[in-house]
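Take the sequence shown: its letter number 81 is residue 81 in this note's numbering, and every next letter is one higher.
Don't read these hints as lab results, they were simulated from the structure. Keep in mind it's a predicted model, so treat the numbers as computed, not measured. Note that beta-carbon positions come from the ideal geometry of N, C-alpha and C, so glycine has one too. Worth double-checking, as some hints may not be accurate.
Here are the simulated DSSO-like pairs of lysine-lysine, each with C-alpha atoms no more than 30 Å apart in a straight line [to be verified]:
hint : residue 1 : residue 2
1    : K89       : K76
2    : K12       : K57
3    : K12       : K108
4    : K57       : K89
5    : K76       : K57
Just the calculated beta-carbon pair ranges, DEER-fashion [claimed, not checked]:
hint : residue 1 : residue 2 : range
6    : K109      : R75       : 47 to 55 Å
7    : Y29       : T94       : 26 to 34 Å
8    : S71       : N96       : 34 to 42 Å
9    : R25       : N5        : 16 to 24 Å
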Amino acid sequence: MNIDNTQSQMRKGIFEFCILSIIRRGEAYPSDIVEEMRAANLQILEGTLYPLLTRLKNAEMLTYRWVESNSGPPRKYFSLTEKGSNFYKELEQTWNELSNGVNALTSKKSDEPLNNQ
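Input sequences plus hints: build the corresponding full structure.
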């Protein structure tokens, strides 16, 4: 098995949730999303982010507005729609359940007996 591939698949599975977590706090510019994810040690490339943002926009989870920039072309700022906010809440519940379950399993010591009922 290739550990890099497994790690990559684990990260990809949570990117959508993390990106929506950032955007739900307020409008977000894509490079700010990349920067915040990298600060959290979640490496994401713009080439990965933009298709994901487009997919979420096409699914009506996100909307955007153009903002003129003094230092270049206009910038596209993303925000959650009501549908996106509801979707985020469902993802958050799923994440909490998964996280709690994984933490419960991975925190057990190897010398703890299995509970065979």
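Structure-based check of each hint:
Restraint check for K89 and K76: satisfied, since their Cα atoms lie roughly 24 Å apart, inside the 30 Å limit. With a C-alpha separation of about 18 Å, the suggested pair K12 and K57 falls inside the 30 Å cut-off, and the hint holds. With a C-alpha separation of about 26 Å, the suggested pairing of K12 with K108 holds against the 30 Å cut-off. About 17 Å separates the Cα atoms of K57 and K89, which keeps this hinted pair within 30 Å; it holds.
Our distance criterion of 30 Å between C-alpha atoms is met by K76 and K57, whose separation comes to about 12 Å. Checked against the given bound of 47 to 55 Å, the beta carbons of K109 and R75, roughly 50 Å apart, stay inside it. Taking the beta carbon of each, Y29 and T94 are about 27 Å apart, inside 26 to 34 Å as hinted. For S71 and N96, the Cβ-Cβ distance of about 40 Å falls inside the hinted range of 34 to 42 Å, so the restraint holds.
For the hinted restraint 16 to 24 Å between R25 and N5, the CB-CB distance of approximately 32 Å leaves it violated.
When each numbered hint is compared with the structure, a violation occurs for hint 9 only.
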